[in-house]
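Q: Residue numbers (the numbering used here), protein chains in the order written: chain A, 5 to 262; chain B, -6 to 281; chain C, 7 to 289.
Treat the hints with caution; some may be incorrect.
To be verified - Within a straight-line C-alpha distance of at most 20 Å, the following computed SDA-like cross-link-like pairs (lysine to any residue) qualify: (1) 149/A - 121/C; (2) 149/A - 194/B; (3) 149/A - 64/B; (4) 149/A - 55/B; (5) 208/C - 243/C; (6) 208/C - 96/C; (7) 208/C - 274/C; (8) 208/C - 248/C; (9) 149/A - 8/B; (10) 149/A - 10/B; (11) 149/A - 59/B; (12) 208/C - 232/C; (13) 149/A - 66/B; (14) 149/A - 5/B; (15) 149/A - 7/B.
To be clear, the hints were calculated from the coordinates, so they are not data collected in a lab.
One letter stands for each residue in the lines below.
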Amino acid sequence: MTTLYLERASAVHRLNPVTKLVALLAIIAIVFAVPQWWIPLGIVVLVVVPAAVLARVGGRLLRLFLILLLPLLVVLFIVQGFFFPDGTTVLWQWGPARLTVEGLVFSLTIGSRLSALVLGSLVFVLTTHPARLMTALTQAGMSSKIAYVISASLQIIPAFQERARSILLAQQARGLEIAGGPLRRARALLPLIAPLVLGMITDVDERSTAMEARAFGATPRPTSLTVVDDPLSERIGRWLLAAAAAAVIVLVVVGVIA
Amino acid sequence: MSGSTPAVDANRTRNRIFVALGTLVIVATYLYLILAQPEELAEGGLGTSALIALAGYLIGAGLIAAGAIHRLPTATLSLIPIAIVLNIAVGQLTAVLGLPLYLDSIGTVLVGVLAGPAAGAVTGALTNVIWGLTIGPIALPFAVTAVVIGVLAGYAARWGMFRRFYLAPVAGFVTGIVAALVSAPIAAFIFGGATGAGTGAIVAAFQAWGNSLLASTTLQGLLSDPLDKTITFTIVVIILFALPSRLRGRFPFVRQYNVFGKVAPVAPAEPAAPAAPAAPAEPEAPKA
Amino acid sequence: MIELRDVAFAYEDAPAFTLAHLDLDVAAGTIMGIVGASGSGKTTLAKIIAGFIPSTEGGTYRGTASVAGAVLSEGTLTEAVDVVGLVTQNPFNQISGARFTVREELAFGLENRSVERSQMIERVDAVADTLGLTALLDRSPYALSGGQMQLVAIASMVVMAPPVLVLDEPTSQLDPAGTRLVYDVLARLSEGGTTVVIIEHKTELLHEHCDAISVLASGRIVSTGTPATVFADDRLSTWGVGQTRITQAAREARARGLLPVTALLPVGVSDGAAVFAENGAAR
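Take these sequences, add in the hints, and give me the full structure.
A: Spelled out as structure tokens, the structure:
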């Protein structure tokens, strides 16, 4: 398995995945609704980071922040800080680059929202085992077909990467050139992809036979061996979170928060 | 199991509504963002554009994927995980090789061509979910683009764009244009044009030349997406043409819409009339 | 238990029938081995017995295939799946991927048949115990060896308790140890009353484990009988089936005049030893 999930014993891990998903969606809805840049930042500092620390995934979150998010934030501040189309209050200018107040505020707004979106999602993924997520979502009414596709994809990724690597090695041993110009390298991809596709098409018959032999799709309401706890407190919590998000959006739309 | 058949029928109607509603939401989102955005930006802020872009596109993509997946038979369904992994494996390989392309939708296009637009849509949407769970959730807002690519690949195949070798790249080019248009509001309002170092530099250049944010991300997309999808469709058509037609012909969608342009399939022979010309030759019974 | 009468099938757009005028009978509780050259239609036959043809495959189908008294082509695939379990060649492709542990993988078919949870737990534990998988129940099915994966594939059929199990070259991708495991399990299932049909090209194994053998050649059954008679048949090679090494040795000995022309060719180790001992003693 190749997901970002980290096994820990924590209250965040124990929550029903649906509750965590609703919390994540509520956070995303709120940070993208409110215009103030400091609100998303406040949510990151007061909710997302403490949740990560509580779940004992803070170190990994920091590393992923540095790898995934920080480069984007740097690019964002350069592009919109210096080249914002609607910037009027110029602080500094050099050639076509104009550092403007409007550009900085815009970068802050986008940057803090993006941080809340990405870090919140990361905490969700870091603390939620995909198997438990799929079971909980299926219990909540999601189609077992979607659960099947997601689970199967996650589990065959390692085998496929292995196959891709061995094909790459075999091709290199036969003198395949993977250096040179972009077009040449793109052409080099072809002998790599073709065997993977051939395997995919020849395997599909056996794979679907195996699924059908086990009556997959025979009933719209299958039972489940594993059950994810869904206490009343969490169900109430989910409704409260959804209501809070809806309230914020309404307040923004009618202009109370502006 | 009483009443299971009516339940299936009710689902079918519900699924059609999901797909139609999802399409409507995506189109409405795009039109709203294109038409309403300039006024709001002029007022000095983002307004509700970001929320509408994110919510509209995610809800639309989700509705289409949820509605589409129910139509798919198990044989198609078991093709999709492998296609998703193909997207990811080749996408990563492309990055490792340092190519200035994405090439992360080969599996999606392949499924669209072999199994139709609904299968393509599901492959695209769920690929982004898998990216989110494995590499990081940055790509998730672009799920709608992946859905559009899968759907267009399916319709391109249905309309005969894979019957001639040279037509597929054209279909890829057009798909790339649509993909660029659809994803531009996400790149603009959610990422502020900063989806990567290279793309950010291009957006900055377009903005420096006096284009608005949305116009700049659109132009940036038009620089990369049509090329990327042209190459993707070309790779797919090369691979599929190289396959034995027996393998391609296994897919009912391919046979139904004559995707690879063979002559219309022979009608199945009547079991009662083995002497009919279309019937395959059956060996004589053992003389005993 | 299994009755095929004048069955014929041609795949869509295929120029010829893959199977034609095929008759097959398998008695309840026995192990039937089916041999045949590649391309003789073995996989097609397996799919017909399991009810997958004609229901999931377009083409021309004729004749009747009935299992446990029910004509498969008249019912749904789900009804067929309830009577016949199907195991195929590649263990990796048979892991559903829908579940993350062996325990859940085994329960997957029961879930799809809406079996109650308490009953599910009981049946999974019982089958894991019978097939020796208990220690693996909490592992990921993808972390297993090929032989173990194939056992999981068999177990996930057995747990659904079909009276008939069809296996299409289940050991072709396994090493000798994995192959041994599979055959041990089949013997135990047969003792428990399951009817087993196994398609296999390793004649030694079939001779050792099967109650009856049928030879499939150019789309029909050309010979049926006990392993000893079928595998001793001189026509075996003309049907594209390899003889056991004992038989080959005996034929060679007969050709060199070491055995009388009338001698019945031995198939296994013990009857081989007997034949050679008898004729050696006569000398």
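Q: Look at each hint and say if it fits the structure.
A: Cross-check of the supplied hints:
1. 149/A - 121/C: holds, 19 Å
2. 149/A - 194/B: It is violated: about 41 Å lies between the C-alpha atoms, which goes past 20 Å.
3. 149/A - 64/B: Since the Cα atoms of residue 149/A and residue 64/B sit roughly 10 Å apart, the hinted pair holds (cutoff 20 Å).
4. 149/A - 55/B: Holds - the C-alpha atoms of residue 55/B and residue 149/A are around 14 Å apart, at most 20 Å.
5. 208/C - 243/C: holds, 14 Å
6. 208/C - 96/C: holds, 17 Å
7. 208/C - 274/C: holds, 13 Å
8. 208/C - 248/C: holds, 8 Å
9. 149/A - 8/B: It holds: about 14 Å lies between the C-alpha atoms, which stays within 20 Å.
10. 149/A - 10/B: holds, 19 Å
11. 149/A - 59/B: holds, 9 Å
12. 208/C - 232/C: holds, 16 Å
13. 149/A - 66/B: Judged against 20 Å, a Cα distance of about 10 Å means the pair holds.
14. 149/A - 5/B: Measuring from Cα to Cα gives roughly 15 Å; hence the hint holds.
15. 149/A - 7/B: holds, 16 Å
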